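Enquirer: Protein chains in written order, with the numbering used here: chain A, 56 to 438; chain B, 56 to 438.
To be clear, the hints were calculated from the coordinates, so they are not data collected in a lab.
Since this is a predicted model, take the numbers as computed values, not measurements.
Treat the hints with care, as some may be off.
Any copy, or any two copies together, can satisfy a pair, since identical chains are not distinguished.
[To be verified] 27 Å max Cα-Cα, derived BS3-like pairs, lysine-lysine: (1) K368 with K387; (2) K136 with K387; (3) K74 with K387; (4) K387 with K318.
Protein chains: 2
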Amino acid sequence: MSVTAARGFTAAGIAAGIKENGGKDLAVVVNHGPSHAAAGVFTSNRVQAAPVHWSRQVLADGKVRAVVINSGGANACTGPKGIEDTYATAETTAGLLDVDTEDVAICSTGLIGVLLPVGRLLTGLETAMDRLSAAGGEDASRAIMTTDSVPKTSSVTREGWTIGGMAKGAGMLAPGLATMLVVLTTDAALDSDVLDKALRDATRLTFDRVDSDGCMSTNDTVLLLASGASEVTPEYAEFAAAVREVCDDLGQQLIRDAEGASKDIEIEVVGAASEDDAVEVGRSIARNNLLKCAIHGEDPNWGRVLSAIGTTKAAFDPNQLNVAINGVWVCKNGGVGEDRELVDMTDRAVRITVDLSAGTQSAILWTNDLTAAYVHENSEYSS
Amino acid sequence: MSVTAARGFTAAGIAAGIKENGGKDLAVVVNHGPSHAAAGVFTSNRVQAAPVHWSRQVLADGKVRAVVINSGGANACTGPKGIEDTYATAETTAGLLDVDTEDVAICSTGLIGVLLPVGRLLTGLETAMDRLSAAGGEDASRAIMTTDSVPKTSSVTREGWTIGGMAKGAGMLAPGLATMLVVLTTDAALDSDVLDKALRDATRLTFDRVDSDGCMSTNDTVLLLASGASEVTPEYAEFAAAVREVCDDLGQQLIRDAEGASKDIEIEVVGAASEDDAVEVGRSIARNNLLKCAIHGEDPNWGRVLSAIGTTKAAFDPNQLNVAINGVWVCKNGGVGEDRELVDMTDRAVRITVDLSAGTQSAILWTNDLTAAYVHENSEYSS
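Using the sequences and the accompanying hints, generate a full structural model.
Expert: In structure tokens form, the structure reads like this:
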């Protein structure tokens with residue numbers, strides 16, 4: 056069910072003393088092969104953490120032997136010392152596993168602008184290596200949590216091969232990857248080019264369309280590692296669909312655990328002239344604070360949907376916009392539609408459908424409501 | 056001090072029964088000339104309310120005799136009936152004042168997607184006309200309030216001439232005009248081209264740089280009416296500076312009254328390669344929910360500033376970014392700077408300075424913190 060669901064992988068998750076609360080904060084995932092093909096996608100934020108700089112380099116040759124992830128500190132905006140600490144982490148891991156340093160990817164998550172307690176981290180690595188096991192995925196998924204309230208794992212199994220994965224992320228969830236760390240593993244036998252294509256195809260439609268709070272992280276990383284241990288090479292379409300399924304499941308888990316959220320909002324934009332238009336409109340709605348407050352208050356305030364659509368460059372005629380909330384078309388032809396009193400918003404799941412009446416393309420995005428709990432969580436301590 | 060500070064203008068503000076709470080909800084401002092030159096700027100939202108469509112047409116010939124503003128309903132997304140109601144308002148006003156219908160500008164503010172009680176509005180116009188007076192500016196400024204907690208007025212007087220104004224706006228405050236209605240009046244003798252240039256120059260640097268919650272309204276309108284009653288024609292530079300001063304003052308009042316806000320945040324971006332870059336960076340920071348929560352919690356979380364900067368296309372090197380919060384350079388060269396414990400955030404006013412180290416251009420934007428009170432105000436009832 057987790058990052059060790061596929062054959063050829065072991066993992067561990069331990070408390071290394073990086074988090075002040077003593078919780079698990081260091082995860083290691085090791086690919087025991089025979090193949091070490093890998094692909095990765097990273098945050099499009101131009102301010103990037105040291106581990107992102109490092110892991111981009113590691114992924115350049117499409118090969119990863121191990122991934123080390125720490126919570127308790129993002130190691131972002133930490134200058135040359137931050138790079139040094141990331142390198143030391145990779146080097147120590149490589150020594151312990153007897154692999155090349157350049158095949159060790161690093162991810163960090165936590166507060167920006169604070170140096171990691173690197174001594175404790177390096178000591179922790181030794182402990183983590185002792186605990187590596189094919190049952191270690193669950194511990195690993197706990198060790199990468201920050202403000203997450205639950206660990207997030209997923210897996211799918213097809214004929215002879217499996218994809219497993221874990222994710223973390225609850226705030227600073229936005230596009231160009233929702234803010235998150237994700238490690239996916241598979242025992243399928245595929246080269247890194249195929250992994251890269253499947254991963255990009257999947258993230259484009261899943262993690263890239265999760266926009267919880269419009270804030271983009273400095274540390275986003277999604278990795279896909281293939282051990283080849285199944286000795287099965289699936290068809291591309293089948294493999295890509297499975298990767299997307301796992302990404303979709305993990306993305307939904309991220310939204311459901313978003314900081315302070317009380318409503319999960321699915322925004323479906325149809326009738327768009329292009330998919331880009333549909334995504335732009337969906338994202339504009341997902342980021343509208345006033346609408347997100349209204350949804351929190353179970354108020355089907357479609358005027359706020361229209362005012363959000365109106366800020367985009369998408370093709371549409373304002374007099375041909377239609378909006379449904381939970382299936383009730385409260386806005387027709389840009390004006391008042393069905394009675395808003397008919398909208399039942401008591402469920403946690405809310406579905407907003409926008410018909411731009413401008414074409415045949417569509418997209419789905421996910422967000423959540425804006426609540427006082429989000430404000431509390433993000434104002435009461437640094438994160 | 057108000058919209059009737061300049062000679063040649065009368066105003067009134069009455070309760071016409073549009074607002075359910077019985078408060079003042081209908082304002083009229085009349086220009087008695089001798090000149091009726093006018094200029095206007097409107098929301099850049101592509102979904103525009105009926106009164107915006109109408110008033111754009113009215114302003115086309117640079118002439119306005121009267122402005123009617125109602126609160127209690129935005130008359131946006133109201134279809135043909137909405138247009139009809141706006142036209143009826145202009146027509147009735149024109150009849151009562153014996154002016155051309157096409158010289159009556161209309162503004163509306165309130166909930167989107169609800170038809171106005173136009174009968175009550177038209178009846179109210181008669182009452183309002185009876186109450187028009189040179190002392191009516193104060194009442195008018197109260198009649199345009201929605202979630203505003205205080206009326207907002209301003210004026211400046213130069214040698215022989217005056218500019219006065221009023222504004223409303225507390226939520227849905229964002230760019231391409233902060234969400235607001237503003238009426239400015241002057242007794243200076245200037246033609247509409249000069250008014251237009253002065254108004255655009257001023258709004259670009261004031262209202263356009265107020266970004267309270269990133270949400271853009273369907274009804275934004277800023278009007279400048281000149282009566283020429285002073286018979287003084289000031290130099291352009293002097294007049295433009297005075298218009299900007301009034302707009303700046305009203306813009307600051309909008310920010311100070313923003314829904315739920317406990318901190319007024321000034322964001323100064325310096326060292327930019329272009330003014331556009333500075334504005335893009337400032338706006339990105341102003342819209343970062345996580346940062347706005349941190350400021351609410353008096354947490355000088357500069358990492359969230361950097362992650363916001365990183366989402367822009369502005370020219371900068373991440374390793375040369377500097378950030379000061381209330382004068383303490385907590386981030387230097389993209390990394391840890393002065394001790395964040397030195398930052399005193401107890402005052403309501405917070406100043407964030409970003410040095411992009413990429414040029415000599417700069418810009419200042421204003422926003423406020425994100426609070427539980429904002430969520431409550433925008434989730435507990437439709438607005």
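Enquirer: Does each hint fit the structure? Answer for all of them.
Expert: Hints, one by one, checked against the model:
1. K368 with K387: within (21 Å within a copy, 37 Å between copies)
2. K136 with K387: between (57 Å within a copy, 14 Å between copies)
3. K74 with K387: Cα proximity of K74 and K387: across copies only (25 Å, versus 52 Å in one copy).
4. K387 with K318: within (25 Å within a copy, 39 Å between copies)
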